[in-house]
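A.B. asks: Listed below are the residues making up each chain.
2 protein chains.
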Amino acid sequence: MNRIYAVGIGPGSENMMTAECRRALSESDVIVGYPVYLGLLPEEFAGKKQIGTPMRKEKERCRMAISEAAGGRTVAVVSSGDAGVYGMAGLLYEMAAGSDTDIVVVPGITAAVSGAAKLGSPLTNDFCVVSLSDALTPWEIIEKRLRAAAEGDFVLAIYNPQSKARKDYIKKAAEILYKAGVEKDRPAGYVKNIGREGEEVFTGRLCEVAEADIDMFTTVFVGNSGTKLLQGKLVTPRGYK
Amino acid sequence: MNRIYAVGIGPGSENMMTAECRRALSESDVIVGYPVYLGLLPEEFAGKKQIGTPMRKEKERCRMAISEAAGGRTVAVVSSGDAGVYGMAGLLYEMAAGSDTDIVVVPGITAAVSGAAKLGSPLTNDFCVVSLSDALTPWEIIEKRLRAAAEGDFVLAIYNPQSKARKDYIKKAAEILYKAGVEKDRPAGYVKNIGREGEEVFTGRLCEVAEADIDMFTTVFVGNSGTKLLQGKLVTPRGYK
Chain A
1 MNRIYAVGIG
11 PGSENMMTAE
21 CRRALSESDV
31 IVGYPVYLGL
41 LPEEFAGKKQ
51 IGTPMRKEKE
61 RCRMAISEAA
71 GGRTVAVVSS
81 GDAGVYGMAG
91 LLYEMAAGSD
101 TDIVVVPGIT
111 AAVSGAAKLG
121 SPLTNDFCVV
131 SLSDALTPWE
141 IIEKRLRAAA
151 EGDFVLAIYN
161 PQSKARKDYI
171 KKAAEILYKA
181 GVEKDRPAGY
191 VKNIGREGEE
201 VFTGRLCEVA
211 EADIDMFTTV
221 FVGNSGTKLL
231 QGKLVTPRGY
241 K
Chain B
1 MNRIYAVGIG
11 PGSENMMTAE
21 CRRALSESDV
31 IVGYPVYLGL
41 LPEEFAGKKQ
51 IGTPMRKEKE
61 RCRMAISEAA
71 GGRTVAVVSS
81 GDAGVYGMAG
91 LLYEMAAGSD
101 TDIVVVPGIT
111 AAVSGAAKLG
121 SPLTNDFCVV
131 SLSDALTPWE
141 IIEKRLRAAA
151 EGDFVLAIYN
161 PQSKARKDYI
171 KKAAEILYKA
181 GVEKDRPAGY
191 VKNIGREGEE
201 VFTGRLCEVA
211 EADIDMFTTV
221 FVGNSGTKLL
231 QGKLVTPRGY
241 K
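From first to last, the protein sequence lines stand for chains A and B. Going by this note's numbering, the first residue of the first sequence is number 1, and it counts up by one from there. Going by this note's numbering, the first residue of the second sequence is number 1, and it counts up by one from there.
Where chains are identical, the list cannot tell them apart; a pair therefore holds if satisfied intra-copy or between any two copies.
The list that follows gives simulated cross-link-like pairs (lysine to any residue, SDA-like), each with its CA atoms no further than 25 Å apart:
hint, residue 1, residue 2
1, Lys144, Asp185
2, Lys59, Gly226
3, Lys144, Lys184
4, Lys228, Glu94
5, Lys179, Ile141
6, Lys228, Asp134
7, Lys164, Asp215
8, Lys172, Gly239
9, Lys179, Glu151
10, Lys228, Trp139
11, Lys171, Glu140
12, Lys228, Glu60
13, Lys172, Phe202
14, Lys59, Gly72
15, Lys241, Pro138
16, Lys144, Ser225
In case anyone wonders, no lab produced these hints; they're calculated from the structure.
Please model the complete structure; the sequences and the hints are all you need to start from.
C.D. replies: Encoded structure:
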């Protein structure tokens, strides 16, 4: 049976990859991915056949991977973070269904987890992960989920908060949270370029984050009603007395 | 300044640790943790001073770590999965606040991510992580969050679903989800002992998961309204046409 590894490489730096991630990449004949992420791979994999396809060409990337695998080559499709969290794993399963291809997901450190570690410990209680990208999800559904997250008093980790084409989305999201009862001074923060060059870390209040200059390489965190700022760190209590 | 690493070792197998996790453990003079997780560490760390404290003794564990660090030793406090997701990082920040201790969180692969990889790709869209343990969170809040998760049409990853002392909690949770509109045949699944001896993987319907013999080492997944069972895998579409 042909094999495709859907590999999460973590935030990007080599030291955040798992041993299993490196093993899957070593075993693969071909590595497929968004060129920026291919560029983050350790040098030892530079000699492998690499296929880069641009952003928004995810289906093409999967087709290429499936066709390479059909040719008898072991293929790794790399995602930053984890391959399953908004990554390529789902699309690979959908597109390879019915073919003789075995999809193996190799998990990685997703931005909710790596970003949280930079900010302190915001996710030490129940949390939601929401992407603000309305390229694939209608905005009404995103809005409904933000409201539900606030109503459930979840900590929120927000992926893809905004981009050049989607300006002010984090401000729009904050307005929805305010209406659902989240205070403007709710502890919040963000991490830009986690573990990579240009890393930028901020902790403060939601109203500050809503006005910040953030981009699609930023992960935003909004605390729950118990989250505190402790010596500049975002800390959500677990509930110990 | 004294240093404590809050280290996530991932699901347990050595190949799921990051290089940074091993580096932090190597650098540490003392490793503190729940004995089961200390037992999962690679042999190379067996020569280090190890301090095991029983379950539910988390505050004691933190006190010991802070006191070891105050003695000038570098300390690693290990959690399974990630140190921030229901892990020891939050409590360490709270208890070390005001002392001259630097807490550094070293992220790990949390069960939502490692479990999802075993089941297919359930988390390829917005999701919630909820713990059913009411030891530290009142049940009414857990109930409110389950309802909010259903109302937001989130995929759900459930930690600590039940234990000997908390029987039938997953059944109780399923009843709450049904009332909030989730169908009994909603695609769902679970993974027991992820990546460890005795690993057990199930995908099927929520009503089957609600009746399954699961324990506190199990992570449960409930799909959103779009999640499918594809050749036995749980797959949540991202929204590609």
